[in-house]
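J.: Each chain is listed here by its residues.
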Amino acid sequence: MNIFFIGILIFILSGFIASIFNKKNKVTVLAILCFVGSLLCLKPAFNVLFDGQNLTAQYDFNPVFGTVNFALDSLSAFFVLVICVMSLMGVIYSKGYLKPYLDKVKNINSHLIFLPLLIASMLLVVSCQNAFAFLIFWEIMSLSSFFLVIFENEKKEVLKAGIKYLVFMHISVIFIIIAFALCAINAGGYDFNLFAQVLKENSHLANLVFAFAFIGFGTKAGFVPFHNWLPDAHPAAPSHVSAIMSGVMIKTGVYGILRVLSFYAAPSKALAFAVLIISVISALYGVLYAITQHDLKRLLAYHSIENIGIIGIGAGVGMLGLAYGQMQIALIGFAGAILHILNHSIFKELLFLSAGSVYIKTHTRDIEILGGLIKSMPFSAVLFLIGSVAICALPPFNGFISEFLIYFSMLKGLAIKDFFVLVALLFSIAGLALVGTMAVLCFTKAFSIIFLGMPRSENAQAPTSDSEKSMLLPMGFLALLTILIGVFPQYIFDIVLKPASVVANTSIMPVRTCADLMQTISLCAFGFIAFILVLMVIKFKFSNKVIMHETWGCGYDRANNRMQYSASSYASPFLSMLKPLFKKIFDIEKPKQLFPKSAHFSLHIDDIEEAYVINPLVKFDEWFLSKFEAMQSGNIQSYIKYGLIFLVLIIIGSLFIG
Amino acid sequence: MAIKILNILIVLFVPFLMLGIIKKTKAFWGGRYGASIFQPLYDFVKLMKKDFVISKTTSGVFRITPVIVIASALFAALFVPLASSSAIINIEAGFVVFAYVLSFSKFFSLIGAMDTGSSFEGMGASREACFTTIVEPAFFMLLASIMALSGNYTFDALGKIVENSGGYGILICIFALLVLFIMILTEGSRVPVDDPATHLELTMIHEVMILDNSASDLALITWASGIKMLLLSSLIAAIVIPQGLSMWASAAAYLGLMFLISVIIGTIESATARIRMSHVFEFIFIMSSFALIVLSLVAARMFGG
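Sequence order for the protein chains is A and B.
For what it's worth, my numbering labels the leading residue of the first sequence as 179, then goes sequentially.
For what it's worth, my numbering labels the leading residue of the second sequence as 29, then goes sequentially.
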C-alpha cells in the first residue's frame, strides 16, 4: 500500500516539477513522471486483482479528520487500473496535442499541474474509506477538472461551459453529502465499514441513502436527467482532458454508486426497477441526441451518456438479481457493467483522441465541413474506425463482450417468475438493441462524413500529414486493447467477476455457463478475424484488373464536393421519424427572385431538457434572486448590519434548540 | 456428417436459387417465360471474371467492404439452425451474436456506400440505417419473449413454441412468423419496402448503395444479401417444421419451405406496388406492434393462469 501512496505523491508533484523545465521538455517530463507514478500505483492494484488479497492502510490525521482508512479491494483496484492506464495514455497524447499551444497560451503550467492532480485525486477517491476525506478528494477532483476544462478561457463559451460544470458538480455534491450524513448520523463515524454495518441492519435507511447517492453520483456519471453539463463541458475542454474526463472521471460517479451498493445486502425492488428504467432512458436519450449533433466532441459527449446508460442497465439487472435473491444473475449483470466501464473508457478515449487529432489538423469540430480525411490522415482514420466499431458493440471488438454479458444477464433474468421483471427486461432488451442500431447510424454518419468522400471545405483540405507519433502511439495502444479484449474475453471475465462479487456482497461463485460462453466467443472471434483476413488475401492476391473512374452520378458527371450527402441529411430520415422529441431551430434564407444571390440553410437541434427544464429554472432563479438585489447596497455599514442580524438569529436559534 | 455437408451446400447455393425462383415467379405472374432459376448463379460466375471499375473518390474502406459483408454473412450462418439440425455453434444468447455479426456487415456496407461521395448512395445508406433501427428492437423483443417462454436461450426455443404455450401456441406462432416475414422483406430489400428491380436511383434503398460496386465485389454483395434472406427464412423454418422428423424428411421440408417463401415473396412483388418512401416506416413499424403482441401473449401465458 505504501507503493501506492508514493505513486500518488509522484502524480501530485509531477506537475510542479514539469513546470520548472523549459517549454520543449515540459510535457515529456510530465509524461515520464506520470508513467512512473502509474507503474507504482498499478503494482498493488494488480496484486489485489490477481491474488485477491485486500490491502489496507491507516493514517492518523488528528484532530481534524481522525483516523482515515485507505483500502484497495478488488473493486477499488479495478478502478485504479482503469484510471492509471487511461490517464497515462491521455498524458502521453497531450505531448503532441499541446505543442501548438505551448507558445500561445500563458497558463500552460497551471494546466500541467492540474492534470496530474486530477489523476491523483481520482486515485484517492477510489481508494479512500472515509466519507469525510472522500468528499474532500471528490471536491479536489471536481475543481482540478474545472480548471482543465477552462484551458482556453479566452473563449466565452468555454468559460460558460466550465461554470455550468462547476454548478452541476456542486449541486451533485449536496446529494452526496446528504447521503453520507444520513449514514454518519446513524453510524457515529465516517468510516465506510461503519456505514456498511449500519446499512446492512437498516434496509429502509439503506434504500434512502442509495437514492440520494444515486442522484449525487449519477450527476457526475451523467445519467439522464442529470446529464446536462456533459455535452457542454466535453467540447470545451482540450481533447486529452475530455478523453480523461469522459473515459475515466465520470466513471468515479459509477464507482460511488457501486460502492454504496456494496454497503448493503439487497436493494429494494423499486430501486432496482428505477435504476434500470433511468439507465434505459439515459442510453436512448444519449444516442438520440448524439445523432442530432454535428459538433464531433459534443456527439462523443452524448455517447458518453449513452454508455453510462448501458453500464447502468448492467447494474440495474444486477440490482434486480440482488433484490430477487438470484446471485448468478446479479453477478453476471454487475460483471457486464464493470467490464463496460473498462471498455467504454478504452474506446471513448480512443475516439476523443482521434477527434483531437482531427481538430489539431483541421481547426474545426464541425463535421459538416470535413470529409475525405482518410487520404491525408490514414492512421487516425483507421483508429477512429476501430473506436467506432467498438463503441457500436460490434464483434469482434471489446464493446460486444460487455453488451453480450448484459444481454445474457437480462435473458437469464427472464427466468425470475415475476410479471414486472419479465416486461421490464423484455423492454430493456429491445431498448438495448435499439441503442445499438442507433449507435451504428450515428457512427457510420460521423466516420463517413469526417473521413470518407471528398473534402467539403478548405479546413478539410488543410491536413497534409497525419498526427505525430506521440499522439498516434497511445491511440494505437488503445485500439490494440479493444481488439485484445474482444478476442480473449475469457481472461478479462475472470477478472471482472471479482469486483462484481464485491458489489454483490457475495463470495465469488463460478459462473460456469458464462465462462464457457466466453471461451466459445473467443474462439468465434478468432475464427471470424482469421476468416476475414484469409478472404482479404484471396481478394487482393487474385484481383482482376482495376479501372479508376468517376463516381457514378446517374449520368451527371459534374458532381462536386458540395453535392455530397451531409451529416444532417444522413440523419434526417431517422430524425423525421422522431420529430416530437426535439426542439429544432431552423435558420433558412430561401432563394428569392429569378437569379437568387444568396441562400442558406442550417439546422440546430436543442437539448429538450435544456430548453424546457434547465433554462426556465435558471430564468426563475434569476428572477427570484433579483428580488434581493436591494440588499447589495455596496455600503459597508449595512453589510455589518446583516452580519449582526445573522449572529443574533443564530444565538436565538441555539437557545431554542440547545 | 452428411447433414453438415448438406447445410454447407444449402448456404452456398440456395440463396441463388431463392433469388432465381423469386424472379421466375414474377415472370410467371407477368405472363413472361422468364430466365432460368439458375440465372443468378450464372450472373455470379460471370461477375467474378470481370474487371473492376472503381471510383477515384473511394478509399480502402470501399475495397474491403464486400469481403467483410460476405464473411459476416457466412459467419452468421454458423449461429442459425438450418436444415433439420441445431445451429453449428448452438450457444445461449446465440441470436445476439447472430444479430450483431449482421450489424457488423451493415456497418461496413453503410460506410462503403458513403465512401463514394455520391449523394445517391448516401441517400440509400441513410434509409437503410434508419430502417434497421426499427427492425432490430422488434427482432430482439420477439426472440427474447419466445425464449422466456421455454427458458431455453438458444435458437432451439423457436421449435418449442407450441409445446410450451398451451392454447396460445398458434397465435404466438402466427405473429412470430409475420414479424420474421416483414423482417425478410425489409432486410432482403423486397417490395413493398424496396424494389430491387427499380430503374430510378432516387427510389432505391439497398440497390443504390451498391451502385459503384462492380465485378466480384458486386457478386459477393449480392450473394451476401441472398444468404441473409436465407438465414432469416431459416428462422421461419425452425418454427414451422415439426420436431422429430427424420433427417432427410426435415431437410426436404426445409427446402420445400424455402421454395414456398420465395414464391410468396415473388407473388407479393407482382401483386403490390412498393409503398411511398415516407410511409415505409409505418409498414416496418407493424413488426414492432406484432412483437409487442407476442410479448403480451407470452406474459399472458406465463402469468395469466
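Keep in mind that the hints are not guaranteed to be accurate.
Lysine-lysine pairs mimicking BS3-like chemistry, simulated, CA-CA at most 27 Å apart [as the list claims (entries may be wrong)]:
id	chain 1	residue 1	chain 2	residue 2
1	B	K188	A	K719
2	A	K723	B	K77
3	B	K84	A	K333
4	A	K342	A	K676
5	A	K595	B	K188
For the record, the hints were derived by calculation from the structure and aren't laboratory data.
None of the values given here were measured: they were computed from a predicted structure.
J.: Hey, B:K84 versus A:K333, does the alpha-carbon distance stay inside 27 Å?
T.: 40 Å, violated
J.: Please work out if A:K595 and B:K188 have their alpha carbons no farther apart than 27 Å.
T.: 19 Å, holds
J.: Need the status of pair B:K188, A:K719: alpha-carbon distance at most 27 Å?
T.: The hint is violated at about 47 Å.
J.: Are A:K723 and B:K77 close enough, with their CA atoms no more than 27 Å apart?
T.: Measuring from Cα to Cα gives roughly 10 Å; hence the hint holds.
J.: A:K342 and A:K676 were given as a pair; does the straight-line alpha-carbon distance stay at or below 27 Å?
T.: At roughly 37 Å apart (the allowed maximum being 27 Å), A:K676 and A:K342 break the hint.
When each numbered hint is compared with the structure, violations occur for hints 1, 3, 4.
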